[in-house]
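Peer 1: Sequence:
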Amino acid sequence: MIRKMNVEDVSEVQNIDKLCFNIEKYRSFELLSCYANEGVSLVWEDNGKVAGYIFNHISGNFAWFGTFGVHPDFRGKNIGKKLIAETINMFHKDYNIKNISLVTMPYSAYNVGFYSNLGFMPRELSVTLCKVVSIPAVCNKNNFSLEIIDLQDTEKLNFLNNTAISICSSLYEGLNFTNELYTTLNANMGTGFILYGNNVPEGFGILRNKNVFGETNTELHLRLLVIKENVSDYKKALDCVFSHMENISASKDISKISVSINTAYYEIYKHLLSTHNFKIEMNSLNLSMGKDYLYTSAKGLILFKTAS
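Going by this note's numbering, the letters in the sequence shown line up with residues 6 to 313, in that order.
Hints in this document: simulated from the structure, not taken from any laboratory.
Mixed in with the good hints there might be a few duds.
Keeping only pairs whose Cα atoms sit at most 35 Å apart, straight-line, the calculated DSBU-like set for lysine-lysine is [said to hold, decoys possible]:
1. LYS310 x LYS261
2. LYS275 x LYS136
3. LYS310 x LYS103
4. LYS240 x LYS54
5. LYS82 x LYS240
6. LYS240 x LYS310
7. LYS284 x LYS23
8. LYS82 x LYS161
9. LYS284 x LYS215
Given only the sequences and the hints, what does the whole structure look like? Please build it.
Peer 2: Take a look at the structure:
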């Protein structure tokens, strides 16, 4: 039986996840509880036991699904395929969302073929870039500035939340990334920020310094960055963001910074490689279902990877 995941399922989901991916640690209970509380992740239940799971997410008019797994004792019953089919059906019928995305390994012919047969179109790559930080960055003076937001401060969180809603809706009707803010807050994984241009909010983002296992990381990851359309210079805006990330990292003995970028933003991608000396750490292939695609249909600039 397929049903919505709830927090009471998380311990069983952690165990299946650990078995499926042959990892030594459990994913963070707090993080997976946030996924469950979003109300769209699913489990397969068999005689009162969780036998499979899929993490699903909604960002306004866009939806995506991430990791899924099936307990080894229940494999061979097409549970994974049924969870994906029900996810697509749920997004379409219950939420009227037609645009669905995912990422997979680009070198897996089976995965690409499997998702293509379900109606997903292969798109550009999401490239994870990393950079070693050794000394504080020299901040180039330009019209951009960045304010770190303490997500525990209710007043500041509300301001960031409202800023995020306003910016997202200006890029694509119904787009909303505030669930990412509250996941970061409730799983205690990092902080948020607002990017200003000439003292006007031009963007917002999320920085994470904990990994999916809930451990404080030696890496500061730019989980999300959204910048308005018609900003005077996206490259200068990014220079501001990454100089702040480098300075935060240097002050906290964090050894590297990272970001995921879709190659649909090719000029920005080149800028990060050539000007900021980022190195490629891994690639993922984006696939999407529906007439609109997040990185080309939305205006402005969105640095984000639909992975959980």
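Peer 1: All hints, please: hold or fail.
Peer 2: Each hint, compared with the structure:
1. Using a Cα cut-off of 35 Å, the hinted pair LYS310 and LYS261 holds, with the two alpha carbons roughly 18 Å apart.
2. In summary, the hint linking LYS275 to LYS136 is supported, as the alpha carbons are separated by about 14 Å, within the 35 Å threshold.
3. The suggested pairing of LYS310 with LYS103 holds, with an alpha-carbon distance near 19 Å, which does not exceed 35 Å.
4. Pair hint LYS240 plus LYS54 does not hold up; C-alpha atoms about 50 Å apart against a cutoff of 35 Å.
5. Of the supplied pair hints, the one linking LYS82 and LYS240 is violated, its CA atoms being roughly 49 Å apart against a limit of 35 Å.
6. Restraint check: the Cα-Cα separation between LYS240 and LYS310 comes to about 20 Å, which is no more than 35 Å; the hinted pair holds.
7. With a C-alpha separation of about 29 Å, the suggested pair LYS284 and LYS23 falls inside the 35 Å cut-off, and the hint holds.
8. Taking the CA atoms of LYS82 and LYS161, the gap is near 48 Å; set against the 35 Å cutoff, the hint is violated.
9. A distance of roughly 21 Å separates the Cα atoms of LYS284 and LYS215; the hinted pair therefore holds under the 35 Å criterion.
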